[in-house]
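K.L.:
Single-letter residue listing:
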Amino acid sequence: MDFSHTEEQQMLQESVQKFVQKSYDFDTRNKIVDSEQGYSEENWQLFAELGWLTVPFDEADGGFGGSAVDLIVMMEEFGKAMLVEPYIATTVLSGGLIGHLGDEQQKADLIPQVMEGALQLACAYAEPGSRYNPANVKTSAEVSADSIILNGSKTAVLNGSNAGKLLVIARESGADTDREGISAFVVNADAPGVSIRAYVNVDGRKAADITLESVSVSADARLGEAGAALVALEHAIDRATLSVSAEAVGAMESLLQKTVEYSKTRKQFGTAIGTFQALQHRMADMFIECQLARSIVIRAAMKLDSTEDALEKTKAVSAAKSRVGSAIRKVGQEAIQIHGGIGMTNELDVAHLFKRITALDLMFGNTDYHTERFASL
Amino acid sequence: MNADFTAEEQTFQEEVRAFLQSEFPAELRAKVDAGIRLSKEEIVRWQKILYQKGWAAPNWPDEFGGTGWSPTQKYIFATEMGLIGAPEPVPFGMKMVAPVIMAYGSDEQKQRFLPDILQSNVWWCQGYSEPNSGSDLASLKTSAVLDGDEYVVNGSKTWNTYGQYADWIFCLVRTDNSVKKQEGISFLLIDMKSPGITLKPIVLLDGHPEVNEVFFDEVRVPVNNLIGEENKGWTYAKVLLTHERTNISGVPRGKRRLAALKRIASETDDGFGGTMMENSTFKNRLASVEIELQALEYSELRTLAALSVGKAPGPESSILKIVGTELAQKMDELFVELAGYNCLPYVPEQFEDDFEGDRIGPGNSAAAALTYFNNRKLSIFGGSNEVQRNIISKAVLGL
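Listed in order, the protein sequences are those of chains A and B.
In terms of the working numbering, the first sequence opens at residue 1 and continues consecutively.
In terms of the working numbering, the second sequence opens at residue 378 and continues consecutively.
In case anyone wonders, no lab produced these hints; they're calculated from the structure.
Treat the numbers as computed from the prediction; the structure is a model and nothing was measured.
Check each hint, because a few of them may be wrong.
[Stated by the list, open to error] Have a look at the derived ranges for each label pair, beta carbon to beta carbon: (1) Lys639/B / Ser195/A: 29 to 37 Å; (2) Glu14/A / Ala672/B: 46 to 54 Å; (3) Pro739/B / Ser195/A: 16 to 24 Å; (4) Ala272/A / Arg766/B: 14 to 22 Å; (5) Gln671/B / Asn151/A: 42 to 50 Å; (6) Ala219/A / Pro586/B: 48 to 56 Å; (7) Asp735/B / Gln113/A: 33 to 41 Å; (8) Ala682/B / Arg179/A: 54 to 62 Å; (9) Asn498/B / Gln291/A: 55 to 63 Å; (10) Asp410/B / Glu36/A: 29 to 37 Å.
[As the list claims (entries may be wrong)] Below, simulated SDA-like cross-link-like pairs (lysine to any residue); rule was C-alpha separation at most 25 Å, straight line: (11) Lys518/B / Thr271/A; (12) Lys138/A / Ala515/B; (13) Lys771/B / Ala278/A; (14) Lys264/A / Met654/B; (15) Lys267/A / Ser657/B; (16) Lys707/B / Ser657/B; (17) Lys330/A / Val580/B; (18) Lys267/A / Lys660/B; (19) Lys707/B / Asn346/A; (20) Lys138/A / Ala191/A; (21) Lys707/B / Thr28/A; (22) Lys315/A / Lys660/B; (23) Lys577/B / Arg266/A; (24) Lys771/B / Arg282/A; (25) Lys707/B / Asn762/B; (26) Lys660/B / Gln333/A; (27) Lys577/B / Thr28/A; (28) Lys615/B / Gly759/B; (29) Lys577/B / Pro508/B; (30) Lys430/B / Asn498/B; (31) Lys267/A / Gln559/B; (32) Lys267/A / Asn531/B; (33) Lys632/B / Leu405/B; (34) Lys267/A / Pro508/B; (35) Lys518/B / Lys557/B; (36) Lys138/A / Met654/B; (37) Lys267/A / Lys558/B; (38) Lys267/A / Leu776/B; (39) Lys258/A / Asn509/B; (40) Lys771/B / Phe269/A.
No residue lacks a Cβ here, since even glycine has one placed at the ideal position from N, Cα and C.
Using the sequences plus the hints, can you model the full thing?
P.N.:
Following this line, the structure appears as structure tokens:
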């Protein structure tokens with residue numbers, strides 16, 4: 001048994017830490033959030049140079065062939081820095097879907113571009129009313145002799161406004177929540193009929209609502225077999241779910257550390273508030289939450305890497321997201337409470353970490369969703 | 378034992394209900410329902426309507442233009458206001474400084490300040506907390522030094538809610554450094570237009586500059602703005618804090634929000650072909666909140682019954698503050714739960730008056746996370762819930 005990082009994982013971790021230290025302090029990060037694009041293209045190119053964009057891709061596709069454990073090592077550091085560059089959207093989620101479903105030609109067209117930092121992607125699957133169920137797809141794909149016509153609405157599309165290409169999940173057949181009949185299509189973001197409403201999320205990441213009105217694509221835009229995309233989509237979402245869970249572990253650790261530090265310096269009633277037992281126990285509980293969250297995320301990553309049993313993988317991811325979600329609420333709320341008024345101000349990184357993890361709790365399904373999913377499998 | 382209103386009280390309740398139905402302006406009601414923050418003018422407009430009816434200051438005694446209502450009548454009024462979503466009076470004048478002026482102010486001060494508070498002609502803000510004096514309020518440092526017939530005030534105050542609207546600020550200031558910290562504090566009323574006062578807005582995590590830091594640089598304050606005696610301010614301040622803690626349970630507002638949760642849940646898809654109202658996990662969460670609300674309501678009624686027979690509000694009011702605020706925060710979580718992805722967009726301007734265009738997501742769903750963020754303040758302000766627990770440990774349990 002060995003829970004230590006491999007040499008490669010250590011290097012990856014240190015490389016992210018070095019980048020954050022040098023180029024991603026809180027003020028710089030906030031300026032990036034406030035920029036029009038909502039992420040730094042310069043950083044993105046640096047990620048490409050450093051090889052980070054290759055991590056989730058298979059070696060066969062020219063990638064690094066990173067394991068799930070490699071991924072969580074990176075994501076944890078991203079979480080501490082509240083990174084807003086669209087790593088999950090482009091590489092883990094969209095990249096993962098192409099890796100699973102794409103034919104050789106499609107992979108060769110898209111994956112190298114992504115790894116070089118030349119192409120941004122977004123996976124448009126959630127819809128108004130679908131909540132967290134990826135099988136709930138109303139967006140339609142109507143096949144005719146020479147084209148496929150897409151119609152529908154997508155919501156909460158991460159990186160939707162910066163992506164050059166969208167992976168649109170649409171239904172070719174079946175009822176709204178059928179598992180069969182769902183396909184994925186590669187659609188140019190500037191294709192006629194695509195309209196994008198961009199916004200920034202509470203955690204600083206860019207997202208968009210996207211409407212498709214008679215968007216025409218050719219049959220070779222379809223990834224994989226007609227109507228058979230759901231399983232691959234679920235796999236990709238599971239990886240993304242693990243990624244946000246690991247991000248949350250990093251962000252929570254950071255919140256705990258800042259809260260403990262603050263309690264040592266903030267004086268009330270003539271003494272540091274960290275000397276009050278009532279607060280000490282609550283910070284001890286925050287620590288416990290962080291540790292349990294970390295453990296279950298590591299467990300999920302190890303399951304993804306070790307088992308062939310798809311059900312076991314999925315259950316492990318849902319268990320992680322469920323447990324992380326409850327840790328998020330406790331750690332986040334206590335961090336604000338122990339900081340008191342100052343924790344309420346937007347000037348402090350604590351508030352932004354709190355907002356970040358609140359968003360992470362919802363992303364790819366919250367605690368209730370994943371607890372129910374775990375129970376139903 | 379019974380928890381029924383008397384026939385007279387029921388008649389009163391009907392009168393209040395009818396009045397609110399007809400007089401609470403429809404535009405304001407629509408805004409409240411849409412989650413749009415009311416402007417200063419709108420809040421004042423509503424207050425003046427209440428003033429015309431003679432209901433502006435339910436908690437004031439008759440002689441100052443109050444209602445002369447019994448505790449139960451006040452409770453009924455607050456409940457009906459909360460149920461319809463009518464904004465309560467801005468507390469800083471009506472509920473905080475006014476009782477202090479009534480109890481400890483001179484006749485001249487009463488005549489000078491109270492009518493304008495009653496008629497909502499003057500907007501007050503509070504000057505209690507300082508950057509280094511939060512829960513330990515008595516450690517405050519803002520100083521007032523007598524120079525002729527004026528105090529010269531230096532220092533800063535923070536968390537001034539709506540200080541940007543305020544005409545006057547009531548302040549705790551240090552007038553004696555040589556004694557125990559509670560004994561060197563005075564209570565001063567300061568005109569916000571005085572030279573030397575500057576305001577710095579503080580943006581909270583929901584993106585709204587709801588509070589301010591107020592700086593005092595050689596601000597000259599006439600000595601006749603001192604309340605009561607010099608160095609007795611702490612005694613007066615404690616009176617104010619007790620008033621701050623009454624009506625803090627928020628049961629009526631909780632009922633209104635519970636109804637909203639039920640309505641929204643029945644309109645929200647669960648993603649699997651049903652609604653969230655059919656989702657058993659969510660239903661259980663909602664039930665827990667409703668049960669807690671019932672326990673809180675009856676705790677408040679028990680306090681009310683004690684008040685009605687002339688007992689003073691005791692440290693038990695800390696229970697109402699703790700449970701009321703934590704329950705409100707639980708409800709915030711349920712709104713977030715229902716909104717799901719719809720509350721992720723950080724677009725606070727959607728809930729401003731002058732926003733044009735379509736909101737993201739249905740109804741007020743995009744506000745759910747913002748409200749969840751903002752309401753973290755509930756367990757921090759008005760004496761943090763930790764301070765409230767200290768009060769219960771010391772004053773109730775004798776620990």
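K.L.:
Now look at each hint and say whether the structure bears it out.
P.N.:
Structure-based check of each hint:
1. For the pair Lys639/B and Ser195/A, the supplied restraint of 29 to 37 Å holds, since their beta-carbon distance comes to about 35 Å.
2. For Glu14/A and Ala672/B, the Cβ-Cβ distance of about 53 Å falls inside the hinted range of 46 to 54 Å, so the restraint holds.
3. The supplied range of 16 to 24 Å is met by Pro739/B and Ser195/A, whose beta-carbon atoms lie about 19 Å from each other.
4. Here the CB-CB span from Ala272/A to Arg766/B is close to 19 Å, well matched to the stated 14 to 22 Å.
5. Between Gln671/B and Asn151/A the beta carbon distance is about 48 Å. The supplied range of 42 to 50 Å therefore holds.
6. For Ala219/A and Pro586/B, the hinted distance range of 48 to 56 Å is satisfied, since their beta carbons lie about 54 Å from each other.
7. Taking 33 to 41 Å as the suggested C-beta distance range, the pair Asp735/B and Gln113/A conforms, at roughly 35 Å.
8. Taking the beta carbon of each, Ala682/B and Arg179/A are about 58 Å apart, inside 54 to 62 Å as hinted.
9. As the Cβ distance of Asn498/B to Gln291/A is approximately 57 Å, the hint placing it in 55 to 63 Å holds.
10. At roughly 34 Å, the beta carbons of Asp410/B and Glu36/A sit within the given window of 29 to 37 Å.
11. Restraint check: the Cα-Cα separation between Lys518/B and Thr271/A comes to about 17 Å, which is no more than 25 Å; the hinted pair holds.
12. Under the criterion of a C-alpha separation no larger than 25 Å, the hint pairing Lys138/A with Ala515/B is inconsistent with the structure, at around 61 Å.
13. Only pairs whose Cα atoms come within 25 Å are accepted, and Lys771/B paired with Ala278/A is accepted, the gap being roughly 14 Å.
14. Of the supplied pair hints, the one linking Lys264/A and Met654/B is violated, its CA atoms being roughly 45 Å apart against a limit of 25 Å.
15. Proximity of Lys267/A to Ser657/B is assessed by CA-CA distance (about 45 Å); at most 25 Å being required, the pair is judged violated.
16. For the hint pairing Lys707/B with Ser657/B, the CA-to-CA distance comes to about 17 Å; that is within 25 Å, so the pair holds.
17. The straight-line distance between the Cα atoms of Lys330/A and Val580/B is roughly 24 Å, inside the 25 Å bound, and the hint therefore holds.
18. For the proposed pair Lys267/A and Lys660/B, the alpha carbon gap of about 43 Å is over 25 Å, so the pair is violated.
19. With a CA separation close to 22 Å, the supplied pair Lys707/B and Asn346/A stays within the 25 Å bound.
20. As the CA atoms of Lys138/A and Ala191/A are separated by approximately 20 Å, the hinted pair is consistent with the 25 Å bound.
21. Proximity of Lys707/B to Thr28/A is assessed by CA-CA distance (about 34 Å); at most 25 Å being required, the pair is judged violated.
22. This hinted pair checks out: Lys315/A and Lys660/B have alpha carbons roughly 24 Å apart, not beyond 25 Å.
23. Straight-line distance between C-alpha atoms of Lys577/B and Arg266/A comes to about 22 Å, which keeps the hinted pair within the 25 Å bound.
24. For the proposed pair Lys771/B and Arg282/A, the alpha carbon gap of about 20 Å is at most 25 Å, so the pair holds.
25. Restraint check for Lys707/B and Asn762/B: satisfied, since their Cα atoms lie roughly 15 Å apart, inside the 25 Å limit.
26. At most 25 Å may separate the alpha-carbon atoms for a hinted pair to count; Lys660/B and Gln333/A meet this at roughly 23 Å.
27. Straight-line distance between C-alpha atoms of Lys577/B and Thr28/A comes to about 23 Å, which keeps the hinted pair within the 25 Å bound.
28. Between Lys615/B and Gly759/B the alpha-carbon distance is near 12 Å, which keeps this suggested pair within the 25 Å criterion.
29. A distance of roughly 13 Å separates the Cα atoms of Lys577/B and Pro508/B; the hinted pair therefore holds under the 25 Å criterion.
30. As the CA atoms of Lys430/B and Asn498/B are separated by approximately 16 Å, the hinted pair is consistent with the 25 Å bound.
31. Distance hint between Lys267/A and Gln559/B is fulfilled; the C-alpha atoms sit about 17 Å from each other, no more than 25 Å.
32. Restraint check for Lys267/A and Asn531/B: the C-alpha separation of about 22 Å stays at or below 25 Å, so the hint holds.
33. This hinted pair checks out: Lys632/B and Leu405/B have alpha carbons roughly 20 Å apart, not beyond 25 Å.
34. Of the pairs offered as hints, the one joining Lys267/A and Pro508/B holds, with about 11 Å between alpha carbons and a cut-off of 25 Å not exceeded.
35. Taken as a hint, the Lys518/B and Lys557/B pair is honoured in the structure, with Cα atoms around 13 Å apart against an allowance of 25 Å.
36. Distance check on the hinted pair: Lys138/A and Met654/B sit about 22 Å apart at the alpha-carbon level, within 25 Å; holds.
37. A threshold of 25 Å between alpha carbons decides the hint, and for Lys267/A with Lys558/B the separation of about 15 Å falls inside it, so the pair holds.
38. For the hint linking Lys267/A to Leu776/B, the alpha-carbon distance of about 23 Å falls within 25 Å, and the restraint holds.
39. Between the alpha carbons of Lys258/A and Asn509/B the distance comes to roughly 18 Å, so the proposed pair stays at or under 25 Å and holds.
40. Proposed proximity of Lys771/B and Phe269/A is supported: the alpha carbons are some 16 Å apart, at most 25 Å.
Going through the hint list in order, the structure does not satisfy hints 12, 14, 15, 18 and 21.
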